[in-house]
Structure formats: structure tokens, C-alpha cells
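K.L.:
Given next are the chains, with one letter for each unit.
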Amino acid sequence: MTITLLRRLGPPLLGGVVALGLTLPSNAAEELRIGYVAPTTGIFAQVGKDMVDGFQSYLDEVNSDFGGAKVKFIVEDEQAKPDTAVTRAKKLILQDKVHMLVGGLLASSGYALAPVSTADKTVYVVPVSAADDLTQRDLAKYPYMVRTGWSSSQPSHPFGQWACDQGYKKIVAIGADYAFGYEVIGGFQRAFEACGGQIIQKIWPPIGTKDFGPYIPTIRQDADAIFTLMVGPMSLQFPKQLAASGNKKPVIGGGTSYDEFVLPSMGDEVIGHVSALQYSAALETPRNEAFVKKYRAKYGKVPSYYSETNYTTAQMIHEVIKNNKGNFPGAEEFVKQVAALKLDTLRGPVTIDEMRNPVQNIYIKKVEKKKMFGYDKEELWNTVIKTYPNVSQFGQFNKDEFLKTPVYSRDFPPCKFCN
Amino acid sequence: MKSQHIKVVIVVVALAAIAIIVPNTNSFVILLTTRALAFSILVMSLDILLGYTGLPSLGQAAYLGVGAYLTAILATRYQFGLGYDFWLVVVLGILFAAALAAIFGLLAIRATGVYFLMITLALGQCAWGLAYRWNSLTGGDNGINLRARPKFGIDLANEVTFFYLVFFLFAVSLLLMYTLVRSPFGRSLAGIRERELRMKILGYNTWLHKYIAFIIAGGFGGLAGVLWAHTAGIVSPENVVLTTSVDALLMAVLGGAGTLVGGVIGAFIVFGLREYLSTLVPWWQYALGAVYVLTILYLPTGLMGIPERLRQRRAATGNREDVKKMAPVTS
Amino acid sequence: MNTQFWLTQAFNGISYGALLFLVGSGLSLIFGVMRIVNLSHGSYFLLGGYVALSVIWTTGSWLLAIPVAALTIALVGVAMERVFLRPLGFDPLRQVLLTVGFAFLFQQAALDIWTGNNFDINPPDALTKSIVVGGLYLPLYRIFMIGTALVIGVVLWLAMEKTRMGAAVRATVDDAQMARGVGIDTSRISMLIFALGAFLAALGGVIGGAFLGIYPGLDFEMLPIAFAVVIIGGMGSLGGAAIGALVVGLADNFGKALFPEVSYFTLYAPMALILAVKPTGLFGRE
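Going down the list, the sequences are from chains A, B and C.
In this text, residue positions in the first sequence follow our numbering: the first is 103, and each later residue adds one.
In this text, residue positions in the second sequence follow our numbering: the first is 12, and each later residue adds one.
In this text, residue positions in the third sequence follow our numbering: the first is 366, and each later residue adds one.
The hints are simulated quantities; they were obtained by calculation from the structure and are not laboratory data.
Given the structure is predicted, the values throughout are model-derived calculations rather than measurements.
There could be a bad hint or two in this list.
Claimed, not checked - With a cut-off of at most 25 angstroms between alpha-carbon atoms, the simulated BS3-like pairs for lysine-lysine come out as follows: (1) C/K643 to B/K211; (2) A/K223 to B/K211; (3) A/K471 to C/K494; (4) A/K243 to B/K211; (5) A/K351 to C/K494; (6) A/K468 to C/K494; (7) A/K444 to A/K272; (8) A/K438 to A/K501; (9) A/K396 to A/K471; (10) A/K444 to A/K427.
Said to hold, decoys possible - Which stretches of chain B does chain C cover? Using the computed rule of at least three CB atoms under 8 angstroms from a CB of chain C, they are: (11) 25-37; (12) 102-114; (13) 151-163; (14) 247-261.
Each residue gets a CB set at the ideal place from its N, CA and C atoms; glycine is no exception.
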């Protein structure tokens, strides 16, 4: 009788004990669940890998311990499709119960994930997606979103000033025909024309163009320089074809045209090309040198800005959690605290402006072939030739006037000097 | 006739099971099922062309795109379609997609077989180019964000409510398409698939039949698009890309072309593999590819064709036994 | 728009057409003989480029990479044809779908083997220069592409017109049943042609790789372009593929240069229109 009773009571009793054990405050660290969305398959798989590797490098350095909280890093594949990004984000929020969403590669992914964060009241940290309006004209729609990367036109504003300082008067812009291209070139145009320069032509090869044969001969000969914005494989082919066509004009461009993601595969034709971005792997600080060496030893390649921005993002999240003694302070408070950060990072000092976009150094970098950081081979590096400190997404322009004008597009700023 | 009744009963039971079980699972499963159901409408529309009329189209995604973009543009530009006028958007989505099909059909219907495949591919790419390039209308590669789901007495923001809506429209589509394929019109389509020349000789205007089928398929594609826009809340050129059309084609073949429900099964399997398996293992792409290849090789009639093949094999072995008994043994 | 502009654009268009011929000729032959639309053709192109990269990385020889890559992919083509396509028999739709399934498998495999970084094939330094003729900069590599396409075209034509094997192939294209009737082993011809098609695609990948880069997604990007060539030129016709390639190369080039607004349509709109009027392509046979 007693045995049967015990047998009957056993399971529920055991269950009760276990349940009690689970609900008692344990000495184990609180878990911080970070849901990461990146393309891990498909044509952007390598970029996605760099993004994840960058974040993971930071986690490895601190042993996945953020001020006492144990980080659970869950990566989901968005395949660079916005609706897949949404589905994965929902899974992370609903099923994995993450405290925050991080990631998204393309502008469309950023625009897809931001509303999800609003609807589900979950933090969304944006390390890569650079669409200007996410932290400008559309900011009010996304109260739980904070950007830790950059906005597309952010480096272009000081760069336009730099171009004037070099004495360039007329520049031809040629860039990939999509929003990112419009924003990078638009920002450059605004700044360059504000200090007396003229953009005399804008050419937009479709994204994925491999043969620039149709476009290169149409470049106006009276230009002083050429500004290019290329992404992915386009960045590899355009400089080659430009050089082969006999171009002698100086070439400058957007940061992604010469970023370390593509630089290793480029040839001598890009030596001397200048670009602007908030990071260069050739930044000569002890902190960056250590990062580059460690990253390269582990992953076999020099870190690109995709890796750096995720490393820095992880660092920022760590800082906030550390300030809260290892606890997650709730979505609104977390966003507020990230926005109040002042950190020294791989890319230099970073603060966040009142529209939740970073204020940081912009580096003007020139491609040079040399030995760096003690490596014994001569390779292509983006040497920093000038630093513009404390650049916000509005650059040298007044924020309110900036926001009154439309977002940069194919037709804005209008090409006044294209005849 | 009896086997047909059995099939219908099975389908009804399966649908009822989905309707009852799914809302009680977790939100993610509900979301996935909703997406699979919406996309299934597109796959079924493709099946009308592929399975019943014998026209393999590699451009159905264009009609999904029309429905989706129309919904998104009306919702964000004109604040239209977020209340009871949602139903108006459904109708408009179907009409606009059908209109595009009418235009494309004029170019495409003259071709057959692989040429039809090619021309629908080209037209689908034109649609993609349009979605990408017409920035002012479609938002280009940024896509269009639908801020909220419609509310008309019921709030579609609730995943379960939305699931029921999509399920309802899916069931209606299935019913309508089923009625279509079993109607005299549908039978003539099958006749065209089998022997177009004979149908022509018999006096059928085969071009017109194919054209109408093409338009109807386009219309249903538009419906799928309207629902698709609301499931993810974002519409982008990615929805109209070539691989979307290829996906639909493969799902139809996987499940079994010419069965309507086959496409639905194919859609669920692919979505399940893609969304579920991918969270568990990194080699899910190989699994998916292998599933396609193996199905095409060994199950030409798709998964729905398995019972029939089993029956045939049983009949064949039966015959072989008899033949063995009868044939003289020679040495 | 001076003469220099027109000449440069024409030259660019012709060189692009040369590359397209390399990509499209194989596809056209495969269709002509086997009535299969090989949707993994783009994959062969890309894999050819990747294999060439591996050869260059291990041996440093670009020259060696070309035949090795082309032959390797030809073998892959043979394997696919023998093991997977042959059992399907004459069923164009299923064959098409099978090739698509493989395209996805190839894409994933390439990603796993070579990573997803963007690569570039670097030809010998001599070919990276440009010659200047009358003020026009003519990149030597483009000239090389035109030269290669011409050589391949001539060799193929000679093989088709002047050899017995070629005659057997032409007979199979014209009427497979008849060909079998006179004792031609159409099964072997099919295998040969499929291997040749893969060979040509891979060759295109190696040569084109220095021009387009080698990266994930290139396979599906090349596919519609290859189809544009074959469709405009006509399936199954080598001469048609040459003309189709030239037409597409020039039209695409001039279209983009003169009407950049419709850049996305310069390829597909003509394709759709030609198909609408003549479903078998300009020079197609059915």
C-alpha cells in the first residue's frame, strides 16, 4: 500500500521539488539572450559570417560574460530577404524569448526588423543597416531601435569637404543604382556643393553590373575626379575596368568600395584611391592592432567593417549590462542607456546622438601597398590620411534644416550642374 | 469516382485538423503555417497552369508581386485597405494581377513547353526590374513597410485571427480551383495538356482556353500576394525574384502536379524544411536540394502520386506472378 | 557623342558578346541535341571559375587553370547526364527541374568549399594592359575574349561541319529518331554534347571570371543572360548562338549607355518580344 502510494505520489512530488528548485533564486548568472539576424546562407553568406564572427570575437574575449550575465547568442538566417528576416525575428522573440534583436544586413532588412521591434516591444540594435531614414525621418516609428553602426551618408558629409580642400571643382559620380548608392552619393554631393564644388554627372549602373563598358566611356572628360560607390563584386570590377580604359583622373569613393571585405582581392589598380568610413583595419592604435592580429589569426582574413561594427556593438551592449550589474533593465531603459553611452572603441570614441545614431570619427583613407602590423608581406591597406572627429549623421549641416529636405534619392540633391 | 470521394474526404479532414490544431501551438508555428497557406495559393495557381494545362511557368512570382505591392502602396500612400476596405483590396489585387496576366499572356500563350518556360522567365524578370527600378512607386530595394494589419471588427494583428482569415481565403481558393478543374472548362484544359492538336481538331479554341487559364492563375497569384504582404508586413523586390517562381514550381512538382493539394503539401514541406530544419542544422540546403532531386527522379508524380504508384506496383507484381506461371521455361 | 564614343561602345559590346557566346553556345548545343534546358548551366560557369581559382592558388598558373577547370566541369556534366538525366528519359520538364535542383545543390556546395568571399581571377600581367589605337584605349583582355570566342567558334563550326562526329550531332539535332534509324548512337552523342556544353560553360567561367569576378550568386545572374543569347539566337543553332551573343552584347551595351533609365530591361524586354513573335528564337529550329 505504501509502496503504491509512493509510486503514485513520486512523480508529482519529484516534479514539485524540481519546480521549486527552478523558481528559487539560484546562484547561477542571469541569462542574457541575444537574438542575431544575419544572412548565413545565400549570396551574402560571407558578409553574414563576418558579422557573426565580429560579434563572436567580442564574446570570446569576455567569455560570454556581460557583467555577470551569461550571454546566449542565437543566430538566425535571414537569407538577405526581408520577409525571412521578419519570420526569424518573430521566432527569436516568440520562441526563444530573446531580450534583444541585433543585426540585419541590408537596408530592407533594417526596415523589416524595425517595425517588428516596435510591435513586440523588443530592443533592436542595428550594427550594419545604414539606411539614413531609420534614424532620421522614420525614427519616431521605432522607439525600441538604436543604431550602433552608421548612416549611409554620414561619412560622405566630411568627405565632401575634404574633396573641396583638395582643390577638386568638378566631380562625376558613378554608383550602384539603389538606395544605399543614392544616400552615399547624395551626402557627398550636398557637402561638396556646399563648399563650392560641382557634381557634373551622375551615372547609376544597376546593382550587379559586371561589365561597366557601357558606362565608362560616358564619363565626362572635364571632371577633376571620379567618385564611385560600389558594393560587393562591383567594387572589384569597376576599378579594373576604369584603369583599363585609360583613366588618369583621381578616384575617390564610398567606404564600401574599398572596405577590407573586398580589398584582399583587389589589385594594384586601386592604389591611391581614397574613401571615407568610420573604420579602417589599418587604424594605427594598439587596440586595433591587437584586434586585427587576433581576428586574422582566428578567421584567416583581415577584419572588415562588418566585423568591427559587430564587435563594437557587443562591447556597447556589454557596457550597458555591466552598468546594470548583469541584469537586463527592460527595453525602454536599455535603449535609453545605450543612447547615453560614451565609449572608447576599435573605431575610436563613440557617443550616440539624440536620434539614436552614433557620433564618431570619420577616417579618410587611402589605399596603399605596404607592410603593416608586423606582417611580412606587402599588402593593400586603407591608410588613414585624415580624421574628422565627432561626426554625426548630419555632419556639418543643421539638423532641422537637414530633416526638412527629402531623403537622398536618385533625384535629390538635384543635379544642377549636369547639363 | 469512389476514390475521388475518398480524396475529398481526406483533404477536408486534413484541413479541419490544421484549423483546429495549429492555433493551439506556439506563435511561431502559427506564423509559419499562415505563410505556407498564403504561398500555397500561389503554388495552386501555378498548378492550374502546370498540372492541368501543361504550361510550366517560371514567372508566377510577378502576380504575387502585383498583389503584394498594390496592397502595400494602397496601405501606406492612401491609407486604404486597413479597415473593411481590406476586402476591396483583395478584389483589386486579384483584378490587377489578372490584368497583368492578360497582358503577359498575349505574349506568352503562343509558346509551349520550354519556350513557354523561357518567355515567362523573361516576363517575370521584367516585373522584377520594374519593382526594383520604379523607386517612386515601389520604394526600390528598400521595399515598402506596411505599418499594421487591417482591423474590421476583428483585429488581424492577432496572429490567430490572421491565421483564420488566411485559412478561410485559402480554403475558398482551393474550393474555387477544384470546381474549376472539374468543370467542363477544366476538362478541356486537361485535354489540351494531353493532346493539343486533337483538341484543336475537335474544334476547341485552345489558345483562348490557355489564355483564360493564364489569367485565372494570375488572379489567384494576386490574392496570394495581398495576403503575403500582410503576413510579413514588408514587400520588396525579393518577392518577385526568379527564385520565388522557381520555388513555386518545385513545390508544385514535389507535391504532385495536377492535384492542387499536391502543391500545398509541397509548400508545407519546403517551408518546414527551410524554416524549421534551418534552425536545427546547417546542412539543410543540401537536404532541400536532395529532396527535390530525389522526388524528380523517383517520384515523377510527386508525393501525391505515391498511393497510385504503390497500387500499380502491386498490380504489376501480381501480373508478373501470373506470367511466370504461364511462361514456358526455356534453357 | 563623338566617333570615339561609338567605337569604344561598339568594341565593348562586341567583347561582351564574345563572353556571352562562350556562355551561350554550350546551352544552345545541349538544347539542340537533347531538348533539355539546362538550368544548372550558370552553376557550371561559376564552378569553372572556382576550380580555376583553386588551380591558380595551388600552382600559380593561370594558363593551366583554363583546361583543368573546363575538363573538371565537363566530367561533372558527364556524371550528371549519365546518373541523373539519362534515367529520366525524354521528359523535358522533369529534366529542367532536375537541373534546377542541382543548381541549388551546387550553390551551397560552392559556398562550403570556397567560402563566400568575392574573388577575382588574375590573368598574367601582359593581359591587363591596354593598347592605344588612334586614341582609343582597347583593353587587351577584351581583345583576348574576342579572340578566344572566335577560335572556339571556328573550332566548333569545323567540328560540326567537317567531321563525322559533327555530322552525327547535326543529324541528331535535326531528327533524333531518324539518326538512331541510321545507326547513330544518340545516347553517346547526348553525353558528348552535355559534356561539351559543360566544358564551354566552365571555360566561360574561367575567362569571364577575370572580367566579372567569381562570387556566390553569379550562377543565377548568368543564367538569364545565357538564355537571352540562346533565345534570341535560337536554340540548337551554333551560328544562331553567335549572332544572338553579338546582338545581346551590342544591344545591352548601347541600351545602357544611351538609355540608362531602362538598364534593367535592355536584356529581358527584347527577349520577351522575340519569343512572342517567334517562339523558337530568331534562328531556332523546331
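K.L.:
Holds or violated: A/K438 with A/K501, Cα cutoff 25 angstroms?
P.N.:
holds, 21 angstroms
K.L.:
Is the Cα-Cα distance between A/K396 and A/K471 25 angstroms or less?
P.N.:
holds, 21 angstroms
K.L.:
Can you confirm whether the C-alpha distance between C/K643 and B/K211 stays at or below 25 angstroms?
P.N.:
Holds - the C-alpha atoms of B/K211 and C/K643 are around 21 angstroms apart, at most 25 angstroms.
K.L.:
Within the segment 102-114 of chain B, is the number of residues with a Cβ closer than 8 angstroms to a Cβ of chain C three or more?
P.N.:
Violated, because only 0 residues of the segment 102-114 of chain B bring their Cβ atoms closer than 8 angstroms to Cβ atoms of chain C.
K.L.:
If you look at each residue in the segment 25-37 of chain B, do at least three have a Cβ nearer than 8 angstroms to any Cβ of chain C?
P.N.:
Violated: only 0 residues of the segment 25-37 of chain B have a Cβ under 8 angstroms from chain C.
K.L.:
Is A/K243 close enough to B/K211, meaning Cα to Cα at most 25 angstroms?
P.N.:
violated, 59 angstroms
K.L.:
Would you mind confirming whether the straight-line C-alpha gap from A/K468 to C/K494 stays at or under 25 angstroms?
P.N.:
holds, 23 angstroms
K.L.:
Holds or violated: A/K223 and B/K211, Cα atoms, limit 25 angstroms.
P.N.:
violated, 62 angstroms
K.L.:
If you count the residues of the segment 247-261 of chain B with a beta-carbon closer than 8 angstroms to a beta-carbon of chain C, do you get 3 or more?
P.N.:
holds (count 5)
K.L.:
Are A/K444 and A/K272 close enough, with their CA atoms no more than 25 angstroms apart?
P.N.:
Status violated; Cα separation ~39 angstroms.
K.L.:
Would the pair A/K471 and C/K494 pass a check requiring their Cα atoms to be no farther apart than 25 angstroms?
P.N.:
Holds - the C-alpha atoms of C/K494 and A/K471 are around 20 angstroms apart, at most 25 angstroms.
K.L.:
For the segment 151-163 of chain B, do three or more residues have a beta carbon lying closer than 8 angstroms to a beta carbon of chain C?
P.N.:
violated (count 0)
This entry does not satisfy hints 2, 4, 7, 11, 12 and 13, going by the numbered hints stated previously.
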